[in-house]
Every structure is written in C-alpha cells, then in structure tokens.
Amino acid sequence: MFTRKLLIFIPLSLTASLAVAGLTQPQVVDVDLTALFAQGDQWTARTASNDTEFIGCGVRKFDDGAGGATAFGFCQAEDADGERAFCNTANEDLLDAMEATSSFAYITFNWNEDGECTRIGNSTQSFYLPNLKTK
Amino acid sequence: MKLLYSLAVVQLIALGVLIFQVFELKQQAPLDISLVQPITDQAQGLQPAQPALGVNSPQALDETQLRRIIRDELVSQLGKLPQSTATATREEKPNPVSAAEYAERLDLANQQLEYHISQGEISNVDMAELESNIARLDPESRQRMLNLLSQAINSGQLKGHF
Chain A
25 MFTRKLLIFI
35 PLSLTASLAV
45 AGLTQPQVVD
55 VDLTALFAQG
65 DQWTARTASN
75 DTEFIGCGVR
85 KFDDGAGGAT
95 AFGFCQAEDA
105 DGERAFCNTA
115 NEDLLDAMEA
125 TSSFAYITFN
135 WNEDGECTRI
145 GNSTQSFYLP
155 NLKTK
Chain B
-4 MKLLYSLAVV
6 QLIALGVLIF
16 QVFELKQQAP
26 LDISLVQPIT
36 DQAQGLQPAQ
46 PALGVNSPQA
56 LDETQLRRII
66 RDELVSQLGK
76 LPQSTATATR
86 EEKPNPVSAA
96 EYAERLDLAN
106 QQLEYHISQG
116 EISNVDMAEL
126 ESNIARLDPE
136 SRQRMLNLLS
146 QAINSGQLKG
156 HF
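Residue numbers (this note's numbering), protein chains in the order written: chain A, 25 to 159; chain B, -4 to 157.
What the hints contain is simulated information worked out from the structure, not anything from laboratory work. Keep in mind that a hint or two might mislead.
Just some of the chain A residues that point at chain B, by a computed CB distance under 7 Å [as the list claims (entries may be wrong)]:
# : residue
1 : 84
2 : 86
3 : 110
4 : 146
5 : 151
Simulated coverage check for chain B against chain A, where a stretch passes if three residues somewhere in it have a Cβ under 8 Å from a Cβ of chain A [what the hints assert, rightly or not]:
# : stretch
6 : 3 to 15
7 : 59 to 65
8 : 148 to 154
On a predicted model such as this, the values are computed, not experimentally measured, just so you know. Heads up, the beta-carbon is just placed ideally off N, CA and C, and yes, glycines get one too.
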C-alpha cells in the first residue's frame, strides 16, 4: 500500500509547479553609448547567463563637519557586449530617485558626455519579480 | 471578609469627602482685580509682592476685562526687553575652509585619481578614500572630479566596484 502511494507521489512531485501566474516582462541590460542611455531590471541582470551584465545605482553621504552632509550618487550598467555606462550626480532630486530604487526594480538612466546623470528612472512592477515557476 | 467591608466603607467616605470639596470649590467667586494689580505694582517697583491669590473679593471682573488687563501687562513687559533680543538673527557660520585648503584637497584628489587610472583599477578601500576626498572639495571642484571619475570609467581607463 505504501509502495503504491510512493509510486503515485514521485511522478506527481516531479511535474508539480508553483501556483504563480501573471505577466513576466524581463528587461536585459542594454547600454546605448550613442544615445547615452541604459536600462535593465536587476533580477534579469543578476540571473543572466553571462558574467558581465549588471545595473544599479548607489548613493554616498559624508558628514561635512558643519552639521550637514555632502551627498552624491551614481548609476552604472554593463550589458552582455561589455558596453559600460557610469554617471554621477549631486542633484538632490536625482539622488532621491536613486534611493527609491527597490530590490527587483527596473532601472534606467541617461547621462551626458561629462559623465553626469541627466535622468534617473526606476519602476517597481510585478512583472520584474523573479519567475518562480518550476517545470 | 470583615476587613474588605471596612475598606469599602472607608473608600466610600473618602469619595464623599472629595466630591464635597469639589462642590465647594465650584461655588467660589471668580478672580478679581485685587489679584492682578499686585503684579503690575510689583513690576513698577511700587509695592512688594502680594501673597497668594485670594477669592471672594468684592471687585470681581468678567473674562473680557481680565484678558485686557493681562494683554496690557504682557505688552508692557515685552516692551522692556532689550532690542537685541527681540531682533536677534542667527549668525551665519563662517566657512572654516580656506581657498588654499580647498586647492590642496583638489590637488590630492587629482593625484589619487590619476594614480588609479594609471593602474587601470581601484580597490573598494581606495575608492572609499577617493570618494571621501572628493566629498571634501568645494561643490564646483567636487562635480568636476566626479565627472573625471565617470569619464575614466566610461572610457574603460578605470575598473572598480562602486
């Protein structure tokens, strides 16, 4: 009896899938050095089959010794072709945008020829979340 | 059991006394001019301070008169304050960093960046130090240095983790 149950259970477990549905819309990292534009979602970059793709932003804050702080931030990305982008900003509103980036967010940014970020965008959508379906 | 009953009775008596006292207080007359004048006279140095506020004075004032008296008193007291206190403004903090010091900091940051570019890469520790030095620059120099750093990375001259 137990063996019969086991014989039924094993094939079922191998074909089981998590009950996760909904749209998935991954965005691989893309760096356009002509348009000075980069985009990508973090999960797709992190799970890419290559060793080069990445995208993200970061902020640095320093005590200025006068009761305030000096802050600047940066965004960077590299695509599968090895094209790299890096920009910096001290603009408070752009820094706010950088700090608003969530764990699985889609990130996009533009920069000028001086290396300054001119646009920071991020988007938190369900379709950027990891696809947990197993086959 | 007897003890509990006794305590309950004592409690009831205490409550009754309290209620009676509150009732008595409510029946007392409102404040009158004799309570305000001593303050004014004291401010003018004409009379020593009067004892605690009394009640049941025959010269009772209504609320409007009382407010007017208090307002007049406050105005007279505020008028006696020294002008410097009334119009004091926050002093601006002088910038403790001289132009010469900023120039030294810029020179240091430039040297650091040039060195790491010559090496082709920068460690996390060195990057943290470079960032700190850039943060200590004046805003214009800081932006210029950040741009140089960005351009070095974008051109592939410098590799590192940020």
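*Honestly, which of those hints from before does the structure not fit?*
Per hint list: 4, 5, 6 and 7 violated.
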